[in-house]
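Visitor: Here is how the chains run, residue by residue.
Protein chains: 2
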Amino acid sequence: MSVTHPQGFGAAGVAAGLKSSGGKDVALVVNQGPRYDAATVFTANRCKANPVLWSEQVVKDGVVRAVFLNSGGANCYTGPEGFQTTHAVAERVAEHLGAGAGDVVVCSTGLIGLANPREKVLAGTDAAYAALSTQGGDDAAHAIMTTDHVSKQVVVEGAGWSVGGMAKGAGMLAPQLATMLVVLTTDAVASPQDLDAALRAATKVSFDRLDSDGCMSTNDTVALLASGASGVTPSLPDLTDAVTRACTDLAMQLLADAEGSDHEIAITVQGAATEDDAIEVGRSIARSNLFKAAVFGNDPNWGRVLASIGTTKAAFDPADLDVAMNGVWVCRKSTPAEDPAKVDLTSREVTVTVDLKSGEERATIWTNDLTHAYVHENSAYSS
Amino acid sequence: MSVTHPQGFGAAGVAAGLKSSGGKDVALVVNQGPRYDAATVFTANRCKANPVLWSEQVVKDGVVRAVFLNSGGANCYTGPEGFQTTHAVAERVAEHLGAGAGDVVVCSTGLIGLANPREKVLAGTDAAYAALSTQGGDDAAHAIMTTDHVSKQVVVEGAGWSVGGMAKGAGMLAPQLATMLVVLTTDAVASPQDLDAALRAATKVSFDRLDSDGCMSTNDTVALLASGASGVTPSLPDLTDAVTRACTDLAMQLLADAEGSDHEIAITVQGAATEDDAIEVGRSIARSNLFKAAVFGNDPNWGRVLASIGTTKAAFDPADLDVAMNGVWVCRKSTPAEDPAKVDLTSREVTVTVDLKSGEERATIWTNDLTHAYVHENSAYSS
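Listed in order, the protein sequences are those of chains C and Z.
Read in order, the letters of the first sequence correspond to residues 0 to 382 in numbering that gives the first Met the number 0.
Read in order, the letters of the second sequence correspond to residues 0 to 382 in numbering that gives the first Met the number 0.
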């Protein structure tokens with residue numbers, strides 16, 4: 000049920016002919032009020048898709064009536080024509096709702112440089128509006144899938160209110176938002192300011208710490224809409240907690256479905272002087288193709304972990320590093336310790352723990368292994 | 000003949016039992032004078048192997064009598080025992096030469112965390128000294144190979160003097176030196192200061208611009224030894240030119256032999272405001288697994304190029320970028336231009352050209368594609 004679990008939301012997912020497979024490719028999520036407060040986070044990539052350029056303007060007043068999403072084409076670097084398609088879609092949704100186009104967020108996903116056929120998208124908009132339902136969350140979640148194998152949905156219950164969410168993303172999963180589209184809904188009463196604070200706190204420790212393949216997308220969007228339909232006003236900490244739980248749950252679903260992955264790897268860096276140091280070190284390991292290929296081969300190659308740590312500016316003593324894999328401390332004080340043969344990497348979930356012994360801070364970065372299937376999927380994606 | 004082409008050098012390559020294959024695994028290059036001037040560049044990785052920690056001290060006085068190299072084990076993060084092995088090897092070489100251990104550079108390559116059996120290495124040292132020959136360059140070049148498929152050797156002729164060189168490296172090829180061991184020799188008369196200036200200028204535009212897989216090694220060493228045996232003192236520009244040609248030639252040999260690669264990719268960024276901007280943009284593209292997998296699949300996916308450019312801090316207008324692949328301008332002003340179907344990526348050499356339209360500077364970064372064979376080789380390396 001995801002985005003339609005909280006009160007005050009309708010959703011739909013329909014097939015508009017954008018995907019060559021004929022599958023569902025247009026989704027619509029409508030906030031039916033009584034309030035229309037919203038917050039968003041977009042990709043940090045300087046090369047942004049047309050829907051992102053549009054939506055950045057839409058959200059400035061903290062009011063969003065609906066989110067339109069399509070798969071089958073990213074509408075990125077498609078020129079003025081592509082921007083006009085985004086605008087036309089927002090206008091069409093607004094007409095149906097009796098609202099202004101400036102209250103409609105638009106998201107697209109698929110290949111960069113591929114224009115979406117405008118008439119098909121507009122026809123899909125009409126069909127999605129006609130299919131709107133308070134039971135439509137599942138259809139919507141399916142319509143935004145690209146290389147995803149499963150839909151990603153979540154519900155978190157509050158006291159008399161709830162948060163629902165859906166996500167898509169399987170590749171280009173990297174920093175400052177894993178590449179993805181996410182719509183979160185809540186029937187809590189919350190101001191745009193509180194929604195923004197809650198959403199930024201939540202994405203900072205969830206999507207921002209997912210680094211599946213180091214590639215940052217041009218289309219990332221996370222939108223949080225609040226209908227106020229429950230009549231309940233949670234405290235900001237309670238709201239933040241619920242949104243964080245929803246985002247973390249969706250992030251783990253993205254990680255588990257990452258393109259071609261055999262392993263989910265949680266890299267925890269402890270003993271860091273600062274949280275930023277912990278994140279930098281974790282990310283450097285998550286970006287090492289050699290380390291990721293070793294995990295794919297079930298090889299506890301801790302030398303590749305140390306080689307990655309050494310490329311960072313974090314505070315540490317190169318002669319005093321500890322590294323554990325799946326709880327076995329294979330390296331202590333930068334020398335071989337427990338026998339790497341004790342490390343069983345056959346399970347899907349792998350943990351790497353690094354102790355920098357330079358402070359009290361810590362952070363976890365999540366990544367995937369580098370597999371034959373990843374190479375295959377990403378060499379064949381557009382053909 | 001490589002390192003033994005210039006006058007005044009002996010070299011050898013022998014099997015000391017470090018490699019399980021039984022192949023040659025110990026090399027020795029000896030400067031027979033009359034001068035012993037030298038310069039070196041080491042890895043920028045903060046996690047350095049024992050031989051690097053040792054050799055950094057050796058070269059401080061600008062005098063090097065010999066370079067010992069072994070494959071079969073990196074002697075990195077092997078503790079005090081590992082450092083003592085490095086020291087013992089230098090002592091043994093020095094005894095043979097009647098010199099001090101402080102004039103012997105030591106280089107090791109292979110797995111991190113693997114200690115080299117000291118007695119085998121010392122026996123190999125004796126055998127290598129016994130086999131020293133002015134014809135030994137080829138043997139030495141073969142003895143330093145790890146996952147290399149071919150040995151890398153070069154000779155550049157000056158006017159009455161020459162530069163010879165050998166290199167090893169096939170993976171962990173990345174920034175601030177591609178991961179590798181390189182020994183260059185010359186019979187020119189040159190001061191340590193001039194050798195240092197020439198070597199730094201040469202590596203900056205050759206090895207430093209090679210980014211095969213984004214992984215920086217713990218053992219990188221480039222050593223340049225000058226015997227003065229020709230009696231000719233070239234100008235600094237002439238010396239720099241010859242060393243640069245030797246380094247560039249070896250860098251291209253490393254690129255062509257990179258683990259599992261199907262393509263060599265030259266990424267040229269032009270129209271940059273600064274050379275650093277051009278390098279940053281080129282490197283961001285070279286680090287994109289999605290782009291590299293697309294090239295493996297012969298897919299001219301320029302969207303992945305733009306997505307990489309957008310992650311940098313370089314000066315450019317996101318709405319005004321041009322991208323060519325193999326000379327076909329598939330993207331102009333950040334919109335689709337020539338038909339990507341015109342781009343034939345079946346040849347081994349691929350060019351990507353990016354015009355940032357923000358200045359007059361340019362740089363080329365070289366990388367490889369991301370292939371099934373890369374994943375295979377690096378998941379199976381230590382097993």
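Hints listed in this document are in silico derivations from the structure and should not be mistaken for laboratory results.
Quick caveat, the model's predicted, so the values are computed rather than measured.
There's no promise every hint is true.
Where chains are identical, the list cannot tell them apart; a pair therefore holds if satisfied intra-copy or between any two copies.
[Unchecked claim] Here are the simulated DSSO-like pairs of lysine-lysine, each with C-alpha atoms no more than 27 Å apart in a straight line:
| # | residue 1 | residue 2 |
| --- | --- | --- |
| 1 | K203 | K312 |
| 2 | K312 | K59 |
| 3 | K341 | K203 |
| 4 | K59 | K341 |
| 5 | K312 | K332 |
| 6 | K203 | K59 |
| 7 | K18 | K341 |
| 8 | K332 | K203 |
| 9 | K356 | K312 |
| 10 | K119 | K356 |
| 11 | K18 | K203 |
Visitor: Now, for every hint given, state plainly whether the structure supports it.
Guide: Against the structure, the hints:
no.	hint	result
1	K203 / K312	both (21 Å within a copy, 21 Å between copies)
2	K312 / K59	between (36 Å within a copy, 25 Å between copies)
3	K341 / K203	neither (34 Å within a copy, 42 Å between copies)
4	K59 / K341	neither (54 Å within a copy, 42 Å between copies)
5	K312 / K332	within (19 Å within a copy, 36 Å between copies)
6	K203 / K59	within (20 Å within a copy, 46 Å between copies)
7	K18 / K341	between (47 Å within a copy, 24 Å between copies)
8	K332 / K203	neither (31 Å within a copy, 33 Å between copies)
9	K356 / K312	within (15 Å within a copy, 32 Å between copies)
10	K119 / K356	neither (58 Å within a copy, 36 Å between copies)
11	K18 / K203	neither (32 Å within a copy, 47 Å between copies)
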